[in-house]
Every structure is written in structure tokens, then in C-alpha cells.
Amino acid sequence: MKAYLTTALAAMLAVVATPVLAKDVINVAIIGEPDTLDPMVSTKDVVSIVTQHVVETLYTFDKSWAVAPLLAQDLPKISADGKTYDITLRQGITFSDGSKMDSADVVASLERWLKVASRGKTVADKVQSVTAKGPYEVEIKMKTPYAPLLSLLAFSNSAAAVYPSEIIPKGDGQIKDVVGTGPYKYGEHVPDQYLQLVRFDGFVPRKEPANGGSGKRGQVPDEIRFVPVPDPSTRVEGLLSGQFDFADSLPAESYDRIAASDKAKPVLLENFGWPMWAINHKAGLLTNKKIREALLAALPFDDMLFAAFGNDKFFKVDGAMYPKGWDWHTDAGTKLYNQNDPEKAQQLLKEAGYDGTPLRILTSRQYEFHYKMAEVAKQALEAAGFKVQMDVVDWATLGQRRDDPSLWDVYISHSPFLPEPALTDMWFASSRLGWSEPEKDKLAEAFVTETDPAKRKAIFAELQKKNYEDVGFIKIGNFNALLGESKALQGVDPSPWPYFWNASKK
Amino acid sequence: MRNYILKRLFGMVVVVFLVLTIAFVLVRLAPGDPAALMLGPDATPADTAALRARLGLDQPILIQYVTFIGHALRGDLGRSLFFNEPVLSVLAHRAEPTAFLALFSLLFSVAIAVPIGIFVAYRRGTVADQTAVSGAMLAASVPSFWTGLILQRWLATDLGWFPASGYGGPDASFLDRMGYLILPSFVLGIVNSALILRFCRASMLDVLGEDYIRTARSKGMSESRVVLRHALKNAAIPIVTVIGLTFALLVSGAVVTERVFNIPGMGNLVVGAVLRRDYPVIQGTLIVVATLYILINLGVDLLYLLIDRRVRY
Numbered sequence: 001m002k003a004y005l006t007t008a009l010a011a012m013l014a015v016v017a018t019p020v021l022a023k024d025v026i027n028v029a030i031i032g033e034p035d036t037l038d039p040m041v042s043t044k045d046v047v048s049i050v051t052q053h054v055v056e057t058l059y060t061f062d063k064s065w066a067v068a069p070l071l072a073q074d075l076p077k078i079s080a081d082g083k084t085y086d087i088t089l090r091q092g093i094t095f096s097d098g099s100k101m102d103s104a105d106v107v108a109s110l111e112r113w114l115k116v117a118s119r120g121k122t123v124a125d126k127v128q129s130v131t132a133k134g135p136y137e138v139e140i141k142m143k144t145p146y147a148p149l150l151s152l153l154a155f156s157n158s159a160a161a162v163y164p165s166e167i168i169p170k171g172d173g174q175i176k177d178v179v180g181t182g183p184y185k186y187g188e189h190v191p192d193q194y195l196q197l198v199r200f201d202g203f204v205p206r207k208e209p210a211n212g213g214s215g216k217r218g219q220v221p222d223e224i225r226f227v228p229v230p231d232p233s234t235r236v237e238g239l240l241s242g243q244f245d246f247a248d249s250l251p252a253e254s255y256d257r258i259a260a261s262d263k264a265k266p267v268l269l270e271n272f273g274w275p276m277w278a279i280n281h282k283a284g285l286l287t288n289k290k291i292r293e294a295l296l297a298a299l300p301f302d303d304m305l306f307a308a309f310g311n312d313k314f315f316k317v318d319g320a321m322y323p324k325g326w327d328w329h330t331d332a333g334t335k336l337y338n339q340n341d342p343e344k345a346q347q348l349l350k351e352a353g354y355d356g357t358p359l360r361i362l363t364s365r366q367y368e369f370h371y372k373m374a375e376v377a378k379q380a381l382e383a384a385g386f387k388v389q390m391d392v393v394d395w396a397t398l399g400q401r402r403d404d405p406s407l408w409d410v411y412i413s414h415s416p417f418l419p420e421p422a423l424t425d426m427w428f429a430s431s432r433l434g435w436s437e438p439e440k441d442k443l444a445e446a447f448v449t450e451t452d453p454a455k456r457k458a459i460f461a462e463l464q465k466k467n468y469e470d471v472g473f474i475k476i477g478n479f480n481a482l483l484g485e486s487k488a489l490q491g492v493d494p495s496p497w498p499y500f501w502n503a504s505k506k
Numbered sequence: 507m508r509n510y511i512l513k514r515l516f517g518m519v520v521v522v523f524l525v526l527t528i529a530f531v532l533v534r535l536a537p538g539d540p541a542a543l544m545l546g547p548d549a550t551p552a553d554t555a556a557l558r559a560r561l562g563l564d565q566p567i568l569i570q571y572v573t574f575i576g577h578a579l580r581g582d583l584g585r586s587l588f589f590n591e592p593v594l595s596v597l598a599h600r601a602e603p604t605a606f607l608a609l610f611s612l613l614f615s616v617a618i619a620v621p622i623g624i625f626v627a628y629r630r631g632t633v634a635d636q637t638a639v640s641g642a643m644l645a646a647s648v649p650s651f652w653t654g655l656i657l658q659r660w661l662a663t664d665l666g667w668f669p670a671s672g673y674g675g676p677d678a679s680f681l682d683r684m685g686y687l688i689l690p691s692f693v694l695g696i697v698n699s700a701l702i703l704r705f706c707r708a709s710m711l712d713v714l715g716e717d718y719i720r721t722a723r724s725k726g727m728s729e730s731r732v733v734l735r736h737a738l739k740n741a742a743i744p745i746v747t748v749i750g751l752t753f754a755l756l757v758s759g760a761v762v763t764e765r766v767f768n769i770p771g772m773g774n775l776v777v778g779a780v781l782r783r784d785y786p787v788i789q790g791t792l793i794v795v796a797t798l799y800i801l802i803n804l805g806v807d808l809l810y811l812l813i814d815r816r817v818r819y
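Chains A and B, in that order, are what the protein sequence lines are. If you read the first sequence in the numbering used here, its first letter stands for residue 1, the second for the next number, and so on. If you read the second sequence in the numbering used here, its first letter stands for residue 507, the second for the next number, and so on.
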């Protein structure tokens, strides 16, 4: 009896003494509800941010945006003619549904990517075959060399994601329950309220140290909760009140308030992206090169950026397509950037025989900086002799109208700096801009087929120069993004597509 | 009475059908392409066209309308283009926060407005009366998003008394979720209390001048009995009407408040649906809201029977 009581007492004490381990949860405020959990079928950043924790690709990008292996063992062996890619897969990788990953899954996934993904389709006509050469060997054969292929395979946006072949639907149907090989798997999802990611215990991390998206994905937090918060002020309040550990895409004017907080700190993501004026080369006023040159000459880029971002902490007047520090950086052609020369523009309009047809600027207030830039530009363009028609619509309408070349001359958008210039489709005649010029088209073709990195860099410099000379599209400058994180949070690299697998709280 | 209810229900069917048709036409008259929004900024025109075809948006509008009506008659309001689930299920998920937000804010409104309205009507012309009337004017004039932002910053961010936004995570209990609604309900309650207070005051003023109130006083009744038993009962019909209308408006989606506090209710849903051009959700929300509005009005009309026995239908 005594022994029984002693045992029972010991057991009770053990229960009392055992600490209840609190779950380590990272709460992340994102700008909206992801409309799909399948990154293959969407080019939205919010989809990439969430899904990269669950679904993986063969390759990824490291901190310096160089391609690095992820599900592939190493970088592929590329044949001398640049047409054959031999890919060896990592072994022992498991999907979160328990099945093992092998070459059949990769082949089925890549075939779907070529068929349904926007970025996959851009390369589909250049791919001859995707074949399993063994249980962990895949071969991609190209009809012509295509240098951006690895970047496309590494990108988390319209991603060449690897799924179990069993869940891939025939035709262009949707995947019902997305599973992947990533460090987390989908938990509970209440649309517009939260999306819970829970640690995937069968995950096999890479051995290399973490380096950007590459290397070890640590599975540090037990859970990551993405909370869609469409209103930027609400994201700020949630961050400052301690409700969120990380908040994406915050308004520039909240910088000082966040900096003064004892709970959170601002994170400035320098050279996040570039606002652009997309030019209609298919129809309308700007099919006339002289008028395009007048447009470029008249625009006051510095004033536009100041109006858009209000504080030079958030922008840089820079005409190079890639900022200093990137491999792709070049100043070729940039002497035509920020001319701010109304007299020259007037002269060019005269030479073009401009008849006062309004220049239709299609823009939206979804991104207030687009609209502010347009307002400043309108005055400068009118001073230079343009008649300007501002078509201010909501984002949905802009998305629809820009597909009809009869409805606009310029539309305003922006892009992050993408790791590979060829991922920006505006360089190519097939884009909705329809920018086609014999010499430029030849350069664009050479750029994607050349496999020597040094030669590609030289061709890109020529392309950038050509963009200024022919006014293909207009880069307004560089801008920084403002993010915010809890002072207790560590291990998050600033990125346009932030990830949290190595994040922890002090 | 039964005939009256049946007549009202028949009227409701006609109104809902009209709402259904108007909603269908209006959302399609608005420019904007749901397929382009769903695919993201880098989708090609060909991808967008393919998705439009898959969603049935490339069909002639008449065929879309007939299909929609046919499904609606069978109780199927279609599938959300964005969430890819039935509209009724999407709406059902949003019902809890919106219903409780409406209920709590109505309770706040009534708790603030009715006692003050009665008191200031009784003390007509005093400083208290003028202060209450001016306060009500101010509360009605200040936009609810402004009140929401100020109180959110002060009470949630700075003082930490309430959660700043949202409706709780996976581990939130029912009580936790209700905790998220206190501050938004208070914000919404303040705005709506202005209207109820003014109606309550005006209605009480009308009644307090009636002969039967004088008679009651001359019979030696206490003032509290005169005001609360005789005056309030007779002033109740306009007050109940305005409370009913306020509740119907609240249920139809406290759009701005839900947005500011990021509450996943019907108001937030419909704003998102408009921005995403999620036609079935917009249509479904309008139909559900119209039905609720009519039912609440019917409920209020039937409540008159309890309040005033002279009322006959």
C-alpha cells in the first residue's frame, strides 16, 4: 500500500513538475487572402510567400539571387550545346502525404508546369522532352538553348513546384489538396481569418548552412500563421500592438511610428522594386517612335518619385534596370534617363506631327504611388505639349483593360527586381506591350539562347541601351519596401517573398 | 393576420427576385475581370481567356443569367470564383462574426441611447439635453472609420486593453472570439446610438405632451411610473422601428468597421468580393442581405402587435 501511494505521489509530482511547452508560433500579417495554395497557377506574391513553406522546387535562389539546388542534388549537368539538362534528385525526400519523391513525380510536375503555369508556358515551346532516366534522374531536352530555364525552375512565383504524381490532375484541372516536400504543411485554413502552417515532421532539410532561400530550412517555429489583413493601417496597428510578429508591405508614412515603438521595428527592404510605365506598341499614339522619345524626354523622374514616396529614404533616382550590387547592373543607355527636358519633348512632338490626340494613361489608386506619379507626370507632359487623359480605375478594371490595346497608351505598374531579366516579359514581342523592333528582337533572342554568363551580361547591357533608344518601356526608378517585425523576432531575411522557417522569438 | 404574413412573404419573393436580377446586371456592368485578378499580374492574355472560359464568364450574358436563376431557384447561389466553394458555405462562415457584431453593437447602442434619450426628453431644454443632442450629432457626423482608427490606436495599440484586429486563431475559443468583437461593437454602437437617441428623445417628447400623461400625473402617480410605464410604452413603436432598421443595417454588413478591425464577416467579404469581382459572392450576399432585411422588417411589424394591442393586420 505504501509503495503504491509513493508511486502515485511521484507520478503526480512528475506531472506537476513537467513544464507545459508553449508552442512557438510566428504570426505574419499578409496583404490579403491567397486565392490558391498551388503556386504553379498564380503569379501573385502573396501566394508565393505562403506556399514556399510547403511546396518546393528543384532549385531556389540564395542570398545573392544565384540559382542553388533545393530538391535537386546539385546544379544540373548541362551539355556543351546547352540543350540537355541532367538533373539528379535528392533521395529520401518525403511528401507531407507520406509518399516518397522520385523522378516520376518530378516529370509529372514539370509537365503540368509547362502546361498550366504562366511562366512554364513561356518556355514550353522550347522544351523537347522531360524524361525520367532513373528513379532519381531527370533529363530535360531543349529544342534550342534557353539560358533562363534554371531561374524559371527556381522561382517561387508561377513555380515549377514538385507534387506527388498521384495528386496531379489530368488536363488543366486544379489540385484539390496541395501537399509538398517543404518544412511545413497546411493546417487549418479559415479564409480571410488565418492560414495555419504546422511543422512537417517528415521534412528532410539540406545540410548546407542557410543562405537566402537555399541551404538548411530549419523548421524553427512550430507553427506559422498567415493572417490576411488587407488594410495597411490595420497591419501597422497589429504589429505595434504585438499581435503580429511580422507585417508585410506597410505604408511609408508609418516608418517613424514603428521606429519609435518599443515592441516592433521597421525593416527597409532596399531596392525592392521598380515602378514602370508600360507602353502600348500595338496600337495608338505611342506606336510613333518620336512621340515615345518625347514622352521619355518630358518625364520628370525625380519629381515623380518624390511625389510617389515622399521621402528619399524610400526611393532612388536610378535609370539602370538593376541597382548597383547586382550582376546585371549596367549604366548603358541611362544618359537618356531623367532628361526632364520639355523643350526637347516639344521639338520631338513637332517632328512627329503630333495632332493633340490625348495620351491615355491607365492607372489605379490600388497602389497610391502609381497615381501620384501619374499626377506629377501629367503636369510635366502637358507643359511639354502633350494632351493627357488620365484613366483612373480600380485594379480589377486595369487588369482587364490592359489586355485590350485599343484602350490605353500607357499603363502604370511595378515589379520587384527579378533575379533573371528574362523573367520580365516586356522585353519580348510576345508580351501585351507588343514591343517589337528587329535589332531588339535579335538581342532578346540572343539573350535567352546564350549560355555564357559573361556574354549574356554584355547582351543585357545592349538590351537596356536599346530600351532607352527605342523607348520600349519606362523604368521610373528604384523603390524600397517597408516591412515591420517584432523586436523579439530574429532569423528573417528581408526579401520580397519573406520566409520564416529559420525565424525564432527571443 | 395569417393572410398579412403570407402577403408579406409573397412580396418578399418578388423583392428578392428583383434584387437578384439587379445584382446580376450591376456586377456585370462594372468593368474588371475576375480571371485577370485571380491569375496575378504576370498572367498572359491567353491564360486569362482560358480561365474566363473555365469559369463560364465567356458565355453570353443571357445564358449566364438563365443559368444563375435556374440554380438560385434550387437554392444554389453558385460557387465563389475566388474561394472555389459554394457561396452559401462562404456566407455561412461569415455569419457568426457579423451576427454577433451586429447584436453587440445594437446592445451598446440601446444601452447608451435609450436611457439618455428618455432622460433628456424628460429634462428637455436643460444643459444635459443640449449636451446629449450635440453629442449625438457629433457621433453621427464622425465617420465610423475615423472613430475606429482612433479607438483602435488608443485602446488596443497604446493601452493594450483589446486585440487590435482579427477574430482569433486556431486555438481561440468562442469567448476569445467574442473578445475580438468588443471594441468594434463599441465603435459601431456609438455611431448607431446617435440615431436611436434622437428618435427616442423625439418620440418621448411627443408622448410626454399628451393629455393622458397629464391625467396620469393628476392621479398622483410617481414620475418614474408616468415616464417609464405610460410614456415609454406609447413612445415605443417609433423606437422599436428605428432599432429594427438599425439592426437590419448592421446585419447587412458593418462594412467599414469590419474592414478597419479585420473581422472576417459579411461586410469584409463583400468589399473583398467587389475588389476581386467575385460575382457569385456579390450576388449571394445581396440576396441574403435583402432577405434578412425584409425578414427583420416583418419581425418589427409583428412586434407592434405585442407593444400596442390596438394594432391589427
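Keep in mind that the hints are not guaranteed to be accurate.
[Said to hold, decoys possible] Label pairs and their computed distance ranges (CB to CB):
no., chain 1, residue 1, chain 2, residue 2, range
1, A, Ala66, B, Gly576, 53 to 61 angstroms
2, A, Gln389, B, Val572, 33 to 41 angstroms
3, A, Gly173, B, Phe516, 41 to 49 angstroms
4, A, Lys143, B, Glu591, 48 to 56 angstroms
5, B, Gly562, A, Lys344, 34 to 42 angstroms
6, B, Trp667, A, Lys100, 26 to 34 angstroms
7, A, Val190, B, Trp667, 23 to 31 angstroms
8, B, Trp652, A, Tyr367, 53 to 61 angstroms
9, B, Asp582, A, Gly173, 16 to 24 angstroms
10, A, Lys289, B, Gly581, 40 to 48 angstroms
11, A, Gly202, B, Val520, 39 to 47 angstroms
Think of the hints as simulated: they come from the structure by calculation, not from any bench. Since this is a predicted model, take the numbers as computed values, not measurements. Cβ atoms here follow ideal geometry from the backbone N, Cα and C, with glycine treated the same way.
Is 26 to 34 angstroms respected by the C-beta to C-beta distance linking Trp667(B) and Lys100(A)? 52 angstroms, violated
Check the following: the C-beta atoms of Val190(A) and Trp667(B) are separated by a distance inside 23 to 31 angstroms. 25 angstroms, holds
Could you check the hint for me, namely that Gly562(B) and Lys344(A) are 34 to 42 angstroms apart, CB to CB? At roughly 52 angstroms between Cβ atoms, Lys344(A) and Gly562(B) fall outside 34 to 42 angstroms, so the hint is violated.
Taking the beta carbons of Asp582(B) and Gly173(A), is their distance inside 16 to 24 angstroms? 21 angstroms, holds
Taking the Cβ atom of Gln389(A) and the Cβ atom of Val572(B), is their distance within the range 33 to 41 angstroms? 38 angstroms, holds
Within 48 to 56 angstroms: is that where the Cβ-Cβ distance between Lys143(A) and Glu591(B) falls? 41 angstroms, violated
CB-CB spacing for Gly581(B) and Lys289(A) relative to the 40 to 48 angstroms hint: The hint (40 to 48 angstroms, Cβ to Cβ) is violated, given that Lys289(A) and Gly581(B) are roughly 59 angstroms apart.
Return holds or violated for the Cβ distance of Gly173(A) and Phe516(B) against the range 41 to 49 angstroms. 43 angstroms, holds
Quick check on a hinted range of 39 to 47 angstroms for Gly202(A) and Val520(B), using CB atoms only. 58 angstroms, violated
So does Ala66(A) sit 53 to 61 angstroms from Gly576(B), Cβ to Cβ? For Ala66(A) and Gly576(B) the Cβ distance comes to about 56 angstroms; the hint holds.
Between Trp652(B) and Tyr367(A), does the C-beta distance stay in 53 to 61 angstroms? Distance hint for Trp652(B), Tyr367(A) is violated at roughly 23 angstroms.
Violated hints, in rising order: 4, 5, 6, 8, 10, 11; the structure is consistent with all others.
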